[in-house]
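Knowing the structure of chain L, use the given hints to seat chain H on it.
Take a look at the letters that make up each chain.
Number of protein chains: 2
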Amino acid sequence: MSGLDWIAADWGTSHLRVWGLRGDTVLHQTASDQGMGQLSRDGFEPALLALVADWLPEGQVTPVIICGMAGSRQGWAEAPYRAVPCTPLDGPLVQAPCRDLRLSVHIVPGLQQAKPADVIRGEETQVAGFLAQHPGWDGVICLPGTHSKWVRVSAGEVVSFQTFLTGEMFGLLSEQSVLRHSVAGWADAGFAEGVAQGMERPERLMARLFGLRAEALLNGLAADIARARLSGLLIGAELAAAKPYWLGQRVAVIGAAPLAQHYAQALGTLSVPVTTHESPAMTLAGLAAARTLLPPEAPSCVN
Amino acid sequence: MSGLDWIAADWGTSHLRVWGLRGDTVLHQTASDQGMGQLSRDGFEPALLALVADWLPEGQVTPVIICGMAGSRQGWAEAPYRAVPCTPLDGPLVQAPCRDLRLSVHIVPGLQQAKPADVIRGEETQVAGFLAQHPGWDGVICLPGTHSKWVRVSAGEVVSFQTFLTGEMFGLLSEQSVLRHSVAGWADAGFAEGVAQGMERPERLMARLFGLRAEALLNGLAADIARARLSGLLIGAELAAAKPYWLGQRVAVIGAAPLAQHYAQALGTLSVPVTTHESPAMTLAGLAAARTLLPPEAPSCVN
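Protein sequences, first through last, are from chains L and H. Take any residue in the first sequence, note its place counting from 1, add 65, and you have its number in the working numbering. Take any residue in the second sequence, note its place counting from 1, add 65, and you have its number in the working numbering.
Everything labelled a hint here was simulated from the structure, so no lab data went into it. We put the CB at the ideal spot given by N, CA and C, even for glycine. Just so you know, not all the hints are guaranteed correct.
Unchecked claim - Only pairs whose alpha carbons sit at most 25 Å apart, straight line, appear in this in silico SDA-like list of lysine to any residue:
id, chain 1, residue 1, chain 2, residue 2
1, L, K308, L, D289
2, L, K308, L, G210
3, H, K180, L, G210
4, L, K308, H, A249
5, L, K180, H, K180
6, L, K308, L, V224
7, H, K180, L, R245
Claimed, not checked - Covered by chain H, per the in silico footprint, the following chain L stretches (three or more residues, Cβ under 8 Å):
id, region
8, 68-74
9, 232-242
Okay, chain L solo, but in the shape it has when bound (with noise of 0.2 Å):
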């Protein structure tokens, strides 16, 4: 009775990760790479069974709970978004075909939002965990990452959320763009004197980008320093326009580290009270909310 009854699954873009559990309790837990991305429709089941089949009970069904972009227009089943305001979480779950007899595979909806135009697809279950494990909490929670995500919650609805392509930008700008040639390694003190120039003057981003270049040209300016203020700069800009989320506000920060770090970090010079969550977490917490959600006997495989 010791066995695995049920498996969880964030299913990103560029990452799959997967759980295997009895009721709280994490047996097992693996990752890989075989992202929505690089997948076509029929290429999920496989992609799961390659990580999960040892760990699977014969002669029963094991229920798999996923969220985020396996639940995308080109991912293994659309699940529809939901639109806002809502719960982050309800039923029905869309259940994915499969060919496997031992699973029965249920997709969690993401979000939309109608104006501005916003669409959430994985943090919504984040979103759902912390407010499992945090019951009544009315506030903004901030998930930063590739796309970071500020959602407004209150009365266990989410009201509204803004999406940033901060991390995307920050990858594309110091890896790609000229001045990669200026940014290796990470000093606090250029964090901190980004965030004050992003948040002082952002509609100055634009300009103050190409001077990490030209100081390190002309003024030899470290590139640890520079690559810091860079993340600054981006989060600073990213903050200011946020600033109609956190004014006035409890924040609450879900993310991986350092990056939840450096929100939290950036908040506080802002005098915004704020908190910080480890993202595997909430999205676990959020994977088991969401499991209550399937009917008493789960169906078996759609084939």
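For chain H alone, coordinates are given in the frame of chain L:
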């Protein structure tokens, strides 16, 4: 006596353009993709000869005047920056080592600004060419491109300048970010919208970018509108940051079509008096002005 008497070259990071001239008359022109970015120091002379060897009169030394990244530290020979305020062009040019006795190669120095730190290599020659054709002109010169430059000119001198990463950012976002799925083609209406949004609330740039993706997913935003709006958002944000440059000034835009027209159109909506000028013509006029700085007897090749 109808033979070529000098060669002009615009040698950037990713391109090499050369002209064979007699006085102001272009006898030959050609180009290659042998930019500085892919050449080691001893690769410059062969790359140049590959284009011009057939043009060279035997038994005499032909001067070659080069502007651009060939004068950078990683270039053919470093031509140290001159500090603004100063004329866009002044001697001595920097002589580059070469083995072919038919060539005498001279590189135009770039410009540097201490605060805010900034550098120019190549555009100073276009500015010089423009001023050679418009003596006594005062105002602001805008040179859009991978790295767009705004240059304040007064009494024949470059007073100050500012570089924006706009073009490079557009390339990265439209070709390599998540937005690449949603942008293709061009629709003028999208550009005008983007400029207006980018100018009005430049601090929201980072938020509006993902909106293009979300609008494509939710509202079927057309890819040609989206791509033009992306360009407009970035150029609008640049114009907002460059306001101290263009406000109350006349602006000469030097660039290639259609980008120069897009900038002129955007500046026109701000009631800025604007003219546009083709960049190759300005480069050539600037290199011709640089040629007059050579000593009467061009020294022979440095071996």
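Each hint, compared with the structure:
Distance restraint check for L:K308 and L:D289: the Cα-Cα separation of roughly 28 Å exceeds the 25 Å cut-off, and the hinted pair is therefore not satisfied. At roughly 18 Å between alpha-carbon atoms, L:K308 and L:G210 fall within 25 Å of each other, so this suggested pair holds. Of the supplied pair hints, the one linking H:K180 and L:G210 is violated, its CA atoms being roughly 33 Å apart against a limit of 25 Å. Between the alpha carbons of L:K308 and H:A249 the distance comes to roughly 32 Å, so the proposed pair goes past 25 Å and is violated.
Of the pairs offered as hints, the one joining L:K180 and H:K180 is violated, with about 41 Å between alpha carbons and a cut-off of 25 Å exceeded. Distance check on the hinted pair: L:K308 and L:V224 sit about 16 Å apart at the alpha-carbon level, within 25 Å; holds. Taking the CA atoms of H:K180 and L:R245, the gap is about 22 Å. The hint holds against a cut of 25 Å. For the region 68-74 of chain L, the proposed coverage by chain H is not satisfied: 0 residues have a C-beta within less than 8 Å of a C-beta in that chain, short of the threshold of three.
A count of 6 residues in the region 232-242 of chain L with a Cβ less than 8 Å from any Cβ of chain H is obtained; the coverage claim is therefore met, three being the minimum.
Violated hints, in rising order: 1, 3, 4, 5 and 8; the structure is consistent with all others.
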